[in-house]
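Q: Sequence:
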Amino acid sequence: MASNLTVFLGGGKKQLVKTTPTMILRQVVNTVCEKQSYSEPESYGLKSGKNFLDLSLSIRYANIAPGAKLELARVPKDKSAPTHVDLALQLEDGGRMVQSFAITTTLWDVLLGFERASNGSLNLTRRTAVPQATSKNIFSLQRIKKAVKPAAEVYLLPVVILLDREVKKRRDSSRAE
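To convert a position in the sequence shown, counted from 1, into our numbering, add 17.
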């Protein structure tokens, strides 16, 4: 179901953009900048009224009605996307470590960064242990005991708990439920 957006460019100019409900707003900005031969589309944003819209959202999730009128404007430096994020790691003893990472840093590199910051006292990526029977891991424990000799150490995988759900696979973390 296609629709159109009218994007005002300033100076009385406007650009009509054909869209779909799943089109990302960043694509709308890129399309307008391409048709108008503007360089650096990253420095532009869309305004609805006085507010800049989140360009990572699709038209459907941004609640933009078909035929809406938006304005293309340069994004002020303070409104641009952050390049770093502060992450905190809750330690088993109740302590907490806080570090700043680039937003492109992978989870594995974050774990390695916390290990380096602890000067070797923290081991997050190289953990091993002897399997012990608990009610939670009884089925995986039986498979481990068949695969390894008794009292052998096995590698422990780091676990991510996001919004009270354990993320088991990489594609689980990309789903927003």
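These aren't lab readings, by the way, just hints derived from the structure by calculation.
Treat the hints with caution; some may be incorrect.
Said to hold, decoys possible - Derived DSBU-like pairs (lysine-lysine); straight-line CA-CA distance at most 30 angstroms:
(1) K94 to K67
(2) K52 to K86
(3) K64 to K52
(4) K31 to K86
(5) K64 to K30
(6) K67 to K35
(7) K67 to K52
(8) K31 to K64
(9) K67 to K31
(10) K52 to K35
(11) K94 to K31
(12) K94 to K64
(13) K94 to K35
(14) K67 to K30
(15) K52 to K31
(16) K86 to K67
(17) K35 to K86
(18) K30 to K86
(19) K35 to K64
(20) K86 to K64
(21) K52 to K94
(22) K30 to K94
(23) K52 to K30
Bear in mind the structure is a predicted one, so any value in this text is a computation, not a measurement.
Q: Work down the list of hints and note, for each, if the structure agrees.
A: Hint by hint, here is what the structure shows:
no. : hint       : verdict
1   : K94 to K67 : holds, 16 angstroms
2   : K52 to K86 : holds, 17 angstroms
3   : K64 to K52 : holds, 19 angstroms
4   : K31 to K86 : holds, 10 angstroms
5   : K64 to K30 : holds, 15 angstroms
6   : K67 to K35 : holds, 23 angstroms
7   : K67 to K52 : holds, 24 angstroms
8   : K31 to K64 : holds, 14 angstroms
9   : K67 to K31 : holds, 18 angstroms
10  : K52 to K35 : holds, 13 angstroms
11  : K94 to K31 : holds, 25 angstroms
12  : K94 to K64 : holds, 15 angstroms
13  : K94 to K35 : holds, 29 angstroms
14  : K67 to K30 : holds, 19 angstroms
15  : K52 to K31 : holds, 11 angstroms
16  : K86 to K67 : holds, 13 angstroms
17  : K35 to K86 : holds, 13 angstroms
18  : K30 to K86 : holds, 12 angstroms
19  : K35 to K64 : holds, 18 angstroms
20  : K86 to K64 : holds, 9 angstroms
21  : K52 to K94 : holds, 24 angstroms
22  : K30 to K94 : holds, 25 angstroms
23  : K52 to K30 : holds, 12 angstroms
Consistency with the previously given hints is maintained throughout, with no hint failing.
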